[in-house]
Each structure stands twice: as C-alpha cells, then as structure tokens.
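**Q** The chain contents come next:
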Amino acid sequence: MQSLTNRKKVVSDKPMTLMEKIYIPAIVGGMWITFKHLMRRGNTVKYPEQIRPFAPVYRGMHVLKRDEKGRENCTACGLCAVACPAEAITMTAAERKKGEEHLFREEKYAAVYEINMLRCIFCGLCEEACPKEAIFLTDRLVPTEFHRDEFIYGKDQLVELVDNRIDITKRQHTGKRTK
Amino acid sequence: MIKVTIDEIEIEVEPGTTILNAARMVGGEIVPPAMCYYSKLPGTGGKCRTCLVEVSAGSTADPRPMPKLVPSCSTSVMDGMIVKNFTSERVFENRGGIVEFLLINHPLDCPVCDQAGECHLQDLAYEHGSSKTRYEEERRTFDPIDIGNTIKLHMNRCILCYRCVHVANQLTEERVHGVLYRGEHSEISTYIENIIENDFSGNVIDVCPVGALTDRTARFKSRVWFLKPMEAECSCSKCSGKAVVWMFGDEVYRVTTRKDEYDEVEMIDGKPGWICNECRFEKKDLSKWNITGPRKIDRHSVISQGKYETKIGRHHKKTE
Numbered sequence: 001m002q003s004l005t006n007r008k009k010v011v012s013d014k015p016m017t018l019m020e021k022i023y024i025p026a027i028v029g030g031m032w033i034t035f036k037h038l039m040r041r042g043n044t045v046k047y048p049e050q051i052r053p054f055a056p057v058y059r060g061m062h063v064l065k066r067d068e069k070g071r072e073n074c075t076a077c078g079l080c081a082v083a084c085p086a087e088a089i090t091m092t093a094a095e096r097k098k099g100e101e102h103l104f105r106e107e108k109y110a111a112v113y114e115i116n117m118l119r120c121i122f123c124g125l126c127e128e129a130c131p132k133e134a135i136f137l138t139d140r141l142v143p144t145e146f147h148r149d150e151f152i153y154g155k156d157q158l159v160e161l162v163d164n165r166i167d168i169t170k171r172q173h174t175g176k177r178t179k
Numbered sequence: 001m002i003k004v005t006i007d008e009i010e011i012e013v014e015p016g017t018t019i020l021n022a023a024r025m026v027g028g029e030i031v032p033p034a035m036c037y038y039s040k041l042p043g044t045g046g047k048c049r050t051c052l053v054e055v056s057a058g059s060t061a062d063p064r065p066m067p068k069l070v071p072s073c074s075t076s077v078m079d080g081m082i083v084k085n086f087t088s089e090r091v092f093e094n095r096g097g098i099v100e101f102l103l104i105n106h107p108l109d110c111p112v113c114d115q116a117g118e119c120h121l122q123d124l125a126y127e128h129g130s131s132k133t134r135y136e137e138e139r140r141t142f143d144p145i146d147i148g149n150t151i152k153l154h155m156n157r158c159i160l161c162y163r164c165v166h167v168a169n170q171l172t173e174e175r176v177h178g179v180l181y182r183g184e185h186s187e188i189s190t191y192i193e194n195i196i197e198n199d200f201s202g203n204v205i206d207v208c209p210v211g212a213l214t215d216r217t218a219r220f221k222s223r224v225w226f227l228k229p230m231e232a233e234c235s236c237s238k239c240s241g242k243a244v245v246w247m248f249g250d251e252v253y254r255v256t257t258r259k260d261e262y263d264e265v266e267m268i269d270g271k272p273g274w275i276c277n278e279c280r281f282e283k284k285d286l287s288k289w290n291i292t293g294p295r296k297i298d299r300h301s302v303i304s305q306g307k308y309e310t311k312i313g314r315h316h317k318k319t320e
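Those protein sequences? They're chains A and B, same order as listed. My numbering applies: residue 1 is where the first sequence begins, and numbers increase by one. My numbering applies: residue 1 is where the second sequence begins, and numbers increase by one.
A couple of the hints might just be wrong.
Said to hold, decoys possible - For the chain B half of the interface with chain A, some residues (derived, Cβ under 7 angstroms), not all of them:
{"#": "1", "residue": "P111"}
{"#": "2", "residue": "V112"}
{"#": "3", "residue": "F220"}
{"#": "4", "residue": "R223"}
To be clear, the hints were calculated from the coordinates, so they are not data collected in a lab. In this text, a Cβ means the ideal position worked out from N, Cα and C, and glycines have one as well.
Using the sequences and the accompanying hints, generate a full structural model.
**A** The following block contains the structure:
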C-alpha cells in the first residue's frame, strides 16, 4: 500500500564499516562539538546575580490601578471574577460616601478585593475583562511564602500606592476607558 | 378568529389582538423586543419604538404594505395581515437606530449599575447596538433625588417608558409620582419629592426595564450573576407571597417577583403576581421563606453562569 503522508523512514540494518567499528572518529567528532561550545557564550544567565529582562506583557502579580488623581479605578463590577477560570477573585462592593470622592473614582467601589494567588493561573482574562482599566498583571513575581493563607492578597497588597505607581503603559489592554 | 402571518408563521388570533401579543402566542425569535409595553399593565406601550415591525400586507381587503414601520405593541392585527420582524432587514436596521437613540442620554455605567445582567437595554444594545457612540454632546443629567429608603431613583438612566407611572396608577391607591416637564427635560419624580409609601410601590423596581429604579436594600450587595435565584413562598396577607429570593450562600440578598420569559411578572392564580413591600424589602431572612426549588433561568443568560452542572461536572461528582 502506498503511504499517504510520505513521512515514514525505512530502518536500515546494514553492518558497520571498520571506521565505525573502532569508534575513535565518532568520539573525536563528539568532543569537537563539546569544545566548540566551550568557546561560545552561554545561553543561561546567572540568576539571581543577573536577572533576565521581562517582556512588557509578562503576566505576573496583579495591580489595582489608581487614576491620575489617585482615586481607585475599580468599581467592583465583578467582571474579572466572572471571567476568572480559576475562581481566584472575590470582592465585596460598597457605596462611596460623601467626602470619599478623592478615594474612589465612581459611586461604587470594592471594599474587599481578594485574589488567591495559589488559585490564579495568570491567564490575564481579568485584565481583558476589566472595563475600567483597574486591574493589570505586571512583570512582578509573586514572592514565596511559608503559609497558604499568605497567598490570599487583599487590597493592601494589590492597590498601587499613590506615590509609587506601577507602570502599565506597555500592556495591551490600556486605553479602553472612555473619559 | 382572524388569520395573520408573522415571519412566515401563520396563526389564528382573536380580533383586536395586537401584533406583539400574536407573536408572543407563537414565541421564540419572532417576538419583537419591548421596552415600554407591559402586558399586565393596561395603557402601556407605544413609547419606546423598539417593537416596530414591518407590515408587508395590511389585510386581505387592502393588501397594500404599510409605508412605515408600525409599533407592534399597539397595532392590532387584521385578517390576512403579513408581518415581518426578524426576516426584515429594515426592522433590524431601524432597531439599531432606536437603540442608538435610547443610549444617547443613557449613562455608560453598567459596571456600577445593579440592573446589569438583567437589563433590557443592555440586551438590546448587545444585539443591535454598536460598540461606539456617535453622540458628541454632553449627556442629560439630573440632580439625584432621594425617594425613600427602599427605592433608589437614578434619573440619568431613565428611558421614560412610563411603566412605573402605570404601576403607581394601577396598583397603588394614590399615585404620588409621575413625569414632570416635557421633551428632553422630562423626568420621573414624586410630587414635591414625596416618599413612595404604598404597599405595592416596590413593584416599580421590577417593571423598570433599565436601572433607573433599583432596590435600595440590595444596593451594591452583589452582582445578579453571583446570586442564586430560588422560588420561595411565604404567608402574606397582602400579596400572594410567591416570589423569587436571590441568595448568596444562605443569605437572602434580594426579593423580586417571579418573571416570565418576557421579563413580565408571572400570573399567579389568574392574577399578576405582584409582591408587597413587606415581602420585598423586609423579609431578608431565610427562616421567613419556604424555598420550593430553583428558579429556571435561560441557559444563555449571564445569571445562569456557574449555576448549572455541565456533563463533566456531573461525571466528576459521580466518581468522587
């Protein structure tokens, strides 16, 4: 029967020649390849002394952004929690009171916002779902901890500080927010 | 009985039936959407223009097509009438235009709005609207008015369907709210900011097709798609006591009437199943309700997300 894909190889079973039988040329050939690589620059970096640069769209630890006036962007709309395939995000909404206009951008805000970093698979769907440009994944790594409950990040770890902004300008989902 | 053809489906209806109700007898895709018409509230309809349909033959006696699209909620059928809803390109295009008009002054605050997920305008915009607005002027805004501790009025979101006014007219003893001013300045308001204190005033929340009137006792508690709607009963002297409770775990977050596929209140014992304010706002305790079963929800609705098991989930449970 003729092959349909033409990808098969016929196994050869012919006896070795004298040159092949003494193995020396093959060993020398192999050593030559090793020697060649000794001269080249290596492909690895010496972590942690040297850190490889992250891609601007690397999906690491989340950040909850504030707007240019320092108000939190998140309105607790719940779209990130719906989009999350790992069910890592939970939140509780609250109504903004009078006098809190400088803290929260809209009428409603997230009083509690938690991401379980052990559940999170860093797929970035929350970032894609967010209509308010509030949540972004960054190129920061989630540090290791000793206890499981320390991986549940609340607003204290997620919301960026007013005087220490996280740069997200290179990410793909910026510029969605209107006005 | 007279014969009418809607989207190539022929049915016989009583004379005097409107096109919309004739279409609802068949059901499915041929039913035009309605933002202001509410079959349980006589006098509603004819305002929002989303239910416009094409009539390609007026009747057997006069088979000329009607020159303009007609509102199906307030046009009665004629013998031999041929109506086109989803089969008509013109209707679809026109509906897109109507949605654009409705969205001119409607704020884009779905992430904040409690109605999101069960909002008619949202559904309509999703099906017909475009993702960009062409409107450049400033949107109409109103100063917030406090109309009591139980109902929250967001006048900016109102599309002036007048349903709530009809509820107040027909269900409650005395109407204390209505529409003030005219044209673009029209606004739903209580006269001199009267607080709505009638026993059935809470039903305006359920008839509101957008998020202009929402339940203040459940305000911002949770999004509808995270809640579990359950059919529940209680003994109530004022109303039927049959409602839907929206639960989160074992907590009751919100109580609403039971709504049918057109988002209208269901008939219970031959009467519309409106619920009283006590059931709606005060019975937020599971011990006060007798849960009779889960509420059926359209599989494609966002509310059904995460509530029903998939085949894989069932299998997983079995093997555990």
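**Q** All hints, please: hold or fail.
**A** Each hint tested on the structure:
1. P111: Holds, because the Cβ-Cβ distance from P111(B) to chain A comes to roughly 3 angstroms (cut-off 7 angstroms).
2. V112: holds, 5 angstroms
3. F220: Hint holds; F220(B) Cβ to chain A Cβ min 4 angstroms, cut 7 angstroms.
4. R223: Where the cut-off is 7 angstroms and the nearest Cβ of chain A is about 4 angstroms from R223(B), the hint holds.
Taken one by one, the earlier hints all hold for this structure without exception.
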